[in-house]
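Student: Following the hints, complete the assembly by docking chain B onto the known chain A.
Protein chains: 2
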Amino acid sequence: MNSRQLTIGLFGFGVVGEGLYKVLEQTPSLRATIKKVCIKNPGKKRNAPATLFTTDRDELLNDPGINVIVEVINESGPAFEIVSTALKNGKAVVSASKKMIAEHLPEILEMQKIYNQPFLCESAACASIPVIRNLEEYYDNDLLHSIRAIVNGSTNFILTRMFEDKLDFKQAVMLAQQLGFAEADPSLDVEGWDAVNKWTFLLTHAYGIVEKTEHIVFNGIQNINLSDAVVAREKNYEIKLVAQAKKLNNGKVAAFVLPQFVLHEDPLAFVKNEFNGVVIESSFADKQFFYGKGAGSFPTASAVLSDISALRYGYRYEYKKLYYHTPPVLTNDFYVRAYLSFDDWKNIPRDKFEWIEEWHAGDRKYLSGVLHFEHLKNDSWWKENQVSLILMPDAIIEDIEIRKLKKKSLELAGILD
Amino acid sequence: MNSRQLTIGLFGFGVVGEGLYKVLEQTPSLRATIKKVCIKNPGKKRNAPATLFTTDRDELLNDPGINVIVEVINESGPAFEIVSTALKNGKAVVSASKKMIAEHLPEILEMQKIYNQPFLCESAACASIPVIRNLEEYYDNDLLHSIRAIVNGSTNFILTRMFEDKLDFKQAVMLAQQLGFAEADPSLDVEGWDAVNKWTFLLTHAYGIVEKTEHIVFNGIQNINLSDAVVAREKNYEIKLVAQAKKLNNGKVAAFVLPQFVLHEDPLAFVKNEFNGVVIESSFADKQFFYGKGAGSFPTASAVLSDISALRYGYRYEYKKLYYHTPPVLTNDFYVRAYLSFDDWKNIPRDKFEWIEEWHAGDRKYLSGVLHFEHLKNDSWWKENQVSLILMPDAIIEDIEIRKLKKKSLELAGILD
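Heads up: the protein sequence lines correspond to chains A and B, in order.
Take the first sequence: its letters are residues 1 to 417, numbered as in our numbering.
Take the second sequence: its letters are residues 1 to 417, numbered as in our numbering.
In isolation and in its complexed conformation, chain A is listed as follows (with noise of 0.2 angstroms):
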C-alpha cells in the first residue's frame, strides 16, 4: 500500500490550529501540508503567511485539491456545518469537537456511511492518550467487561488541588483558572458535561451503543465539599470525576459520570492534577491503564497529528462493535452504592434507599447507603441543595446480588438499629 499525500484544509488556527501548522511545516515526510487556513478574525496577527488564510469556508470545503478537512474550532455548530459538507464533498475529516460529536453522532455515523469518508477524532477525548483507536481495534465487543476513566483535566486538577492542598471547591477552581486548566467560565467542566459528552462517543467505540448524552445519567464536581474530602481521607481514599461503563451479567451496559472514591491503589489515583486515565478490564487480561495528557493544545495536536498519520494509510473507525455485532443496549436497572454529604436530613429521601450502610451526623452530615439508579436517572434531589453525591468504590450492584447483600445488611442493621 502506497501512503498518499494529504492536502489540508484547516479550520481554526488558535494553538491547537498553529502548533500543527508549525509541524508539518517542519516535518515533510509526513506527507501532509496545511493548504488554507479559514479563521473567523481577519484583524488578527498570525504566524504564518497572510495568503494561508481565509474566512470563507467554501474556498477550502469546495476546492477539489484538498483532500482532508481538520477542524479544531471551538462552536459546536459551525463545526457539524463543516463536518457535514467536507463528508459529503468526499474530503476526509479530523475532528477534535467533542461536544459537537456528542451532540451529532447518528448524523456522522449516518455520513460516514453515505459518503463513505473517514472520519476520525481521536483527539475529542483524552487527547493524547489513543483511547479511541484501542477501545475500536484492539478490545473485541465480547471480552470488554468495563471502562473506567478520567476524562477531564479540569476536574481531575481541581479535586487534586483540595485533595492535596486542601484548598476549598472555589479556591481550587481559582487555581486552576490562573493556570490555565479552566476556562473563564468553568461551568462545562465542573458540571460534568465536558466529560458526559465525551463519554457518549466513546460509549460508541466501547460497546458500540449510540445514545444521546441526555440518557445517560451524569454529575460534576460543583457540590464536593472540602469536608468530603476529609471524609475521603479518613477512609483512605481520592475523589475522582469516573466516567464508566460496565457490561453487566445479564449482557447490558451501566454508564454513567458520576463522582466517586477510589482506592490509593487503583490506577486512577495515579492520575494526578490535569491529567486523564482510562482503565479498560477485559477477559483474561486483567485491569489495562492508559495514562496521558487529556487536553491542552499539545496534547491535542498531537492526537490530531496522529489521525492525519492513519489517513494516509487509509485508515477509518469500522465500528465493528455497531455493524458487525448487535450492540448491547444501556439500562438503569441496577443498584449502586453511594456516599451523600448534605447539610438537611431533609433533602435526603431516605425511603429511596435500599439500606442505608453508615450515617455521621454533625455540622455536615453523611451517610452511605445503597439506592436503586433509577433514583439518580429520575430525580434530581441528589444534584440539588447542596447534596454531594459520590459512588462508593464498586459502586455497581447487579440486580441478582440484591437479596443476598440486603440480608446481609438487614443483619446488621438489626444490631445498628
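Keep in mind the hints are simulated off the structure, nothing from the lab.
Be aware that one or more of the hints could be misleading.
Just so you know, same-sequence chains aren't split out, so a pair can sit in one copy or run between any two.
Capping the alpha-carbon separation at 27 angstroms, the derived lysine-lysine pairs in BS3-like fashion look like this [unchecked claim]:
#: 1; residue 1: K22; residue 2: K246
#: 2; residue 1: K166; residue 2: K383
#: 3; residue 1: K287; residue 2: K36
#: 4; residue 1: K235; residue 2: K272
#: 5; residue 1: K404; residue 2: K346
#: 6; residue 1: K40; residue 2: K352
Tutor: Below, chain B without anything else, positioned relative to chain A:
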C-alpha cells in the same frame, strides 16, 4: 468489509492454549474455532475431547481447512519451523514466542512479504498491553521521541520485593519462584535475556530498526545488591530494569536494556511486582503511559485473542516505519550517567570515565559518573566481579552536550579533589 470465519490450528495446550480453547468455545460470536491442537505429550490428560489432539504437526500445517496457526509453545527452534511452514502454506500466524521472534526477525519479515500472510505477535511483548499495535499504528516515525518500558515481570517482581520487603536478591528470587513469577532456572529473566529479546522486535515496531539481539547492550538484575536498594531509597529512587530507546538529536537511536534508578513521579515507579509498563514520549503529546499484566497465562491468552480478533478483519502489521521510511540506525555514540557499586576498586577502570560525580567508600563502595556507551558495548567489566551498574535517571547524554557538562563538572571537581 465482512469478517471472515477463522479455523485455527493450535500448537501447545498449556495454560495459555487451554485458556484460549475455553474462551473460543464459550464465545461463538468471535467466529473462530480450534479445529486441531498439536501437542508433544499425548499421554497427558487434557480437558478437551481426545479427537481434538494430535502429535503430528502436518495434520495442522497441511490442512487446507485451517487458515490460522496459533503457536504458544516454549521452544524457539520448533516454533520457528511451525511459523515458517504455516506462512509458506498460506496461513495467517499468531505467535507468542518472543525468543524465536527475536532470533529470526529478518526471516520472519521476509516470509511475510514473500507469502503475503499476516504474522501477529502482540502477546510476545508486555502481553496484555497493546504495545505493538500502538507502536505500529499510532506513533508515527517522526513523532516518537523515546520509549521506556518494563517488559519483564519476573525481574520487576524481584526488584519490588527487594525494595519493599528488604529481601536480598536470592530471597527475592526464591519468593518469585514460589509464587510462579520466576522459572526454576530464572537466568533467562534475571540476566535480562527475555527483556532484550522483546526489545529487539519492539524496536522494529517502534522505529523500523531490525537489529540482532547481540548488538543491543543489556544486562539483568543478577548483580543488584541489597545495598543498592538502600542507596536508591536514600536518594528517593526506585530500581527498575528498564528497556529504552531514544532518538538522539542526530537522528540515530540509542537503545539498551539496563537497570536504572527511576524517580517516584516517573510512571515506571508505579509499575510494581509482576506488572509491565511502557512510557512513550512523542512530539507534543508529552508522556503517555500504558500499564498492565505482562505475562502469565491469562494476559497472554488475552493478547492472543486480540490478535485472532484482528485477523478476522484482515489486520496485519505493515511495518510502515521500516518499509515506507528510512529507519534510523542504532548508535552507541553517546554517553551515560551511571552508578556503580562494587567490592574492590581494582574492578573499576576509572580511566574510562569522562568524569566522576560522586563516590562513596565503605564495605560496599559506590560511585556515579559519566562514561561513553562504547565502554559498555565493548567491555564486560561492568557485568563481572559483582559490579552492579545502574543507570541514573535521564541517563543519556548526547555528544553535543558533553563538553558543557564536563566543564561544569570539572569546576565542581576542582573543589572536590
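Student: Each of the hints needs a verdict: does it hold here or not?
Tutor: Against the structure, the hints come out as follows:
1. K22 - K246: between (41 angstroms within a copy, 23 angstroms between copies)
2. K166 - K383: within (23 angstroms within a copy, 49 angstroms between copies)
3. K287 - K36: neither (44 angstroms within a copy, 31 angstroms between copies)
4. K235 - K272: Both ways: K235 and K272 sit 19 angstroms apart in one copy and 23 angstroms across, limit 27 angstroms.
5. K404 - K346: The answer is neither: 30 angstroms in one copy and 70 angstroms across copies each exceed 27 angstroms.
6. K40 - K352: For K40 and K352, neither the intra-copy (51 angstroms) nor the inter-copy (61 angstroms) Cα distance is at most 27 angstroms.
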